[in-house]
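Trainee: For reference, the chains in residue letters:
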Amino acid sequence: MLETGRLARRAAVLPAASVTRGAVVIRPLGAQSRFSLRTRPATAEALGTVAGFTLALPINRMSTAGERTSLRLGPDEWLLIGPEAETDELAEAVSAEFGERVFSLVDVSHRNVGIEITGRNAAHVLNAGCPLDLAEAAFPVGMATRTVLGKAEIVLARTGVDAWRVECWRSFATYVHGFLGEGALDFVAVTG
Amino acid sequence: MLVITCPNCGDRPELEFRCGGEAHIARPQTPAELDDGQWGAFLFTRTNPKGVHAERWIHQHGCGRWFNALRDTVSDRLIATYPMGTPRPDAGAGAAPSSPASPTSQP
Amino acid sequence: MSQTYRLPQGGRIDRSQPLTVRFNGKALQGYRGDTLASILLANGQHLVGRSFKYHRPRGILSHGSDEPSALLSVNWRAERGPGFTDPNNRASVVEAREGLETRSQNHWPSLEFDLGAVNDLLSPIFVAGFYYKTFMWPRKFWDSVYEPVIRAAAGLGKAPEVPDGDRYSNRHAHCDVLVVGAGPAGLAAALAASKDGAARVILADEGREPGGALLHDLGSTIDGKPASDWVAEAVATLDARENVVVLPRTTAFGYYNHNHVVMVERVADHRVDAAAGLPRERLWQVRAGRVILATGSHERPLVFANNDRPGIMLAESVRVFVNRYAVAPGRRIVFATSGASAYTAALDARRAGIDVTLVDLRLEEDCGPELGELRAVGVEVLTGHTVVDATGRKRVTGLVVAPIGRDGRVGARRTLPCDAVGMSGGWTPAVHLFSQSRGKLRFDVELDAFVPGQSVQAETSAGACRGLYDLAAVVADGFRAGGAEQPVEASASRTGFQPARVLPTDADPAKVRAFIDFQNDVTAKDIKLAVREGFESIEHVKRYTTTGMATDQGKTSNMNALGLVAGLLDKEIPAVGTTTFRPPYTPVTFGALIGPSRDALFEPVRKTALHQWAESQGAAFENVALWKRAWYFPKAGEDMHRAVSRECKAVRETVGIFDASTLGKIEVVGPDAAEFMNRIYTNAWTKLEPGRCRYGLMLREDGYVMDDGVVARLAHDRFHVTTTTGGAARVLQHMEDYLQTEWPELDVFLTSITEQWAVIALQGPKAREVIAPFVSDIDLDPAAFPHMAVRTGYICGVPTRLFRVSFTGELGYEINVPADYAESVWKTLWERGQTLGMVPYGTETMHVLRAEKGYIIVGQETDGTVSPDDLGLGGLVSKVKPDFIGKRSLARPDLVGSGRKQLVGLLGKDPAEVLDEGAQIVATPDQPVPMTMIGHVTSSYHSPNCGRSIAMAMLVDGRSRIGETLYVTTPSGFTTATVCEPVFFEPKGERFNA
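Chains as they are written, first to last, in the numbering used here: chain D, 1 to 192; chain A, 1 to 107; chain Z, 1 to 994.
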């Protein structure tokens, strides 16, 4: 048997270069490790935190500590995001802390693609296809939820007043990226 | 487009949801003991009321959880939403008797 | 003779910014602030189009969105090439700007001389219900004569023939209060509602600037200020408030459930220098906590003979053209009215130096102070007069009037020479959006109009749209709707009218062409005919005569039609009913509705991680759900048939490589995972050992096959489930539904991993040889890793879930690798595989190979009414398990009896002929039509490995018909085919164990 080593490099789904339209910047995020964590709410409440990921969060809220971010997408569902290089370690650490408790940890690092969208009109660009109220009062910094953008499902998280993270499945990434870029055309300088 | 109150996520637009038909029709515990008529009623018979209707919805593009809702089929007004497995709330005079099509009833 | 009819001063136009538009090629001068209508009138052009049915000359009736007649084709960006023209733009609402190229419609060869006008002479034929009466016979004329002629003649304007070159955008928005209409009521409502800085307010108005009717009101005052000053202050206040968004040029056209109001904003059409990326229009989908409708009212035309002649317009519109646009619609204008408001128009026209006469249907004593006011400035007013005709054809030349005696008799005719007419039959509140919101309308006899009754949504109507016409009352009502009680002082308005249906005439009513609906060419005579023929409900009259069914939704015609029908039936108007208003309020472009969902963004096009490689190899692709899948890989000079034949043979002789990434994949995890699987699938899972795979069959509760796929047990509490490509989402939803709603006690979690893992399938005798050098931590020896087993380890150093499975009957592996690594793993395998004769193959070859083995495809052999036994898969249904989804239904009488269609093979008489998929099967063609059909072909291919055509079919009692010869339909008749077992290649099925 040949010793090939890890010859294959991870390929990005989207071009790395960002798109700038007026004050709006749309930037594909690089590879990261991601897990879909599922467990009963009571278990999550009891644990509070696993491997640096906060689980005790209100539904539709996110928490970031260092390079580890957890997004609570439902009563029993968390999306965990960490550094790419630590995928195996994170999985082991989470599993170890759950021990005999009932949970499900599934690697979805390659399923999802992350896109960052920033700038003063970023919320309006998202509202080209996202039907949610994205005003700060309705969707504050730190909120994260699954929703839709045009004809694609996304996870939308507000990381700052004018900064958002969009996650979608990889085969929808071209569409989602293109949709955001198209919507941002509204904010290229208007004359007349 | 309706606004639907997800018990987990609050008010959300209908685009995020999918309707799953009439609520409170529990799957029989032991289907083998039902005769063809009873089983056929479970499979196919629905109340289809004009007025308040208890129906199942899932917040498909949200928290992904199923819940029940009372909707007025005339006005499209959503009267209440409530978690799966909890009893149908009292919706006043318009409330129809629950699950006449169901051979067994769920609380 | 440029702008001959432009008044020397006044108007809200910018005379420092002259501009030119073209009308039928002719250059017309105007100013910024003009509409196309005001420019046409300023240049004396009253004839602007031909009517829909009779091709009668038509002019400009109105100044606003209710315009039924002046519809123009506009090329918005002639300089940018084709793709910027659309038809049916109302001249009254299109803002003029430099460079617009406009054309009149519905005529040939020219506007001035239109051959279609012969329809006008033939009008006795084109009566109400014409279509229903005329095109009945002979029947065969329908396809060959009637329909082509009707299609050629039907429609307004000309549909664009090239793709729309403009961009359209979409915006979801939320607010606490949405105010529709920025006239006096809307402005007041927005002022009041936005006082609280925390309340988000959107104020939308279809005009280019807020103000509504106040923009052409030169005489009124509000709180001591001229109306225009009051508007300017209100707008300045709103602009200064950060919680207010003012959207001019924005029409709210649809009011849907739960206060979802959809509006279209015209962003670019008025801009000379619109940047290329700027959307032409933006669709606003607004969710409002509360909606305030301040949509105003529409004036009614009078119904008299030839009331459609160019130059005859609404009285208030005359006032608008004079005051707002500084245009005289004529030198000599006769106003005809049954109410007070036209006196204001007449006074304003008189003040502008126009020769004015006024004819009032009302008797002297029924008139108010307006009568004296107009006479005081020297205007002749004829009270108690009716209008019996208009002279002139392409432009009105006179109005024929006559006194009405106390006994109702029409007296001696008198012609009042004129070059324009302003008519007013009273006012109709614009209740369209209220009605769309499902609010119930109430008929107000005093107002002779329907007004908003009970609201159904969080909605308030304010001002003229609920029948308030006095300015002070309108403004106060706006404040009230916005949440502030505030006394308002304003100058008195001239209000009140006497309902006039069809004006009394001395002419033979059968010969009079008095138009009710100008856009659909419906006359009073048509409506009378409909009632005579027995139509009593307005909904029926409407459909029979088409009145109110044009693109203007009868804004100007509905009340006249209703009143006429009620009068003929001697009923009150509410007893006749009112029509339901439906979206859109005004026509909306398809572009606005579609927004960005076109071309590359029409829908997500899902491509696998291996797509680029397939593309680089020249693969043809087919659409499977939203996916693009490699269909076949033609070499130079190969057509599909030859490419597929080559691929099919290569897989069975050496090895083929196939992208199976689109298969749905679900990870089922938890201590109760096996129990959950037992309940979802027909087979039993408890005894499946970790490391082994099983083909699973899934039913719906009604017992029919829903999906299938190979399932691997990775660990005691972890399954890797695969589904069909198209069924991936459906299966996960089905599983979640049962898990959450029926069995919440089970400790199981489901996660979609379809896109986590790319799947590289290697099928063929040399499959192991290709992968062996790259696999680590997995023993590939057949004894250690048999068919239907799964192992985890590494390939090319990348983690893999390696399945040993076969959908071809050959030795096969499906290599799951994390998607980002898929392409480099594939390329590595490809490099080695080429030395062993490996070919890439696509979905077509995959289909042929599985058919050679008789493997079914859910959705091809099944159609939602097929049970496991029908497919010959009864063995996959557990007899031991007490229950699973669909089990009870398998015992339903209609699923167990004979006469069901069963899966069989078919071999056609001619080995070279491939039967049609979907072709019907009969026992014999010697039977009367309709024949008894006993089955249909589900899959049919040329099989290179069998050297002939093969087919699969669902056939009634098929398994008992093996060996029979039956008849199968072909495009030209029938062919015969022999029924056989549905396995065509290597029936023993041992090759995959290699």
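The hints are simulated quantities; they were obtained by calculation from the structure and are not laboratory data. No experiment lies behind these values; they were computed from the predicted model shown. Where hints are given, some of them may not hold.
Stated by the list, open to error - The calculated lysine-lysine pairs, modelled on DSS-like cross-linking and capped at a C-alpha distance of 25 Å, are:
1) K649/Z to K827/Z
2) K853/Z to K766/Z
3) K440/Z to K50/A
4) K394/Z to K53/Z
5) K881/Z to K909/Z
6) K628/Z to K151/D
Claimed, not checked - Looking from chain Z toward chain A, a few residues come up when the C-beta cut is under 10 Å (computed):
7) S435
8) R438
9) T741
10) I885
Claimed, not checked - In silico negatives: residues of chain A with every beta carbon more than 12 Å from chain D:
11) C6
12) G10
13) P28
14) A32
15) E33
16) L43
17) R77
Glycine included, every Cβ here is placed at the ideal spot set by N, Cα and C.
Trainee: Is K853/Z within 25 Å of K766/Z, Cα to Cα?
Mentor: Judged against 25 Å, a Cα distance of about 19 Å means the pair holds.
Trainee: Please confirm whether E33/A is truly not at the interface, meaning its C-beta sits more than 12 Å away from all C-beta atoms of chain D.
Mentor: 32 Å, holds
Trainee: Run the distance test for K649/Z versus K827/Z: straight-line Cα separation, threshold 25 Å.
Mentor: 22 Å, holds
Trainee: Using 10 Å as the Cβ threshold, decide whether S435/Z counts as touching chain A.
Mentor: This hint is violated: S435/Z lies away from chain A, its Cβ roughly 15 Å from the closest one there, beyond 10 Å.
Trainee: Could you check that no beta carbon of chain D comes within 12 Å of the beta carbon of C6/A?
Mentor: With a cut-off of 12 Å, C6/A comes too close to chain D, as the shortest Cβ separation is near 9 Å.
Trainee: Can we keep the T741/Z interface hint, with Cβ of chain A closer than 10 Å?
Mentor: 5 Å, holds
Trainee: Check the non-interface label on L43/A: least C-beta distance to chain D beyond 12 Å or not.
Mentor: 30 Å, holds
Trainee: Is the straight-line distance between the alpha-carbon of K628/Z and that of K151/D 25 Å or less?
Mentor: 17 Å, holds
Trainee: If we take the beta carbon of P28/A, is the closest beta carbon in chain D still more than 12 Å away?
Mentor: 27 Å, holds
Trainee: Could you grab the alpha-carbon distance between K881/Z and K909/Z and see if it respects the 25 Å cut-off?
Mentor: 44 Å, violated
Trainee: Between the alpha carbons of K440/Z and K50/A, is the straight-line distance 25 Å or under?
Mentor: 19 Å, holds
Trainee: Classify the label on A32/A as holds or violated, using whether its beta-carbon is more than 12 Å from each beta-carbon of chain D.
Mentor: 30 Å, holds
The structure does not agree with the numbered hints 5, 7, 11 and 12 stated previously, though it agrees with the rest.
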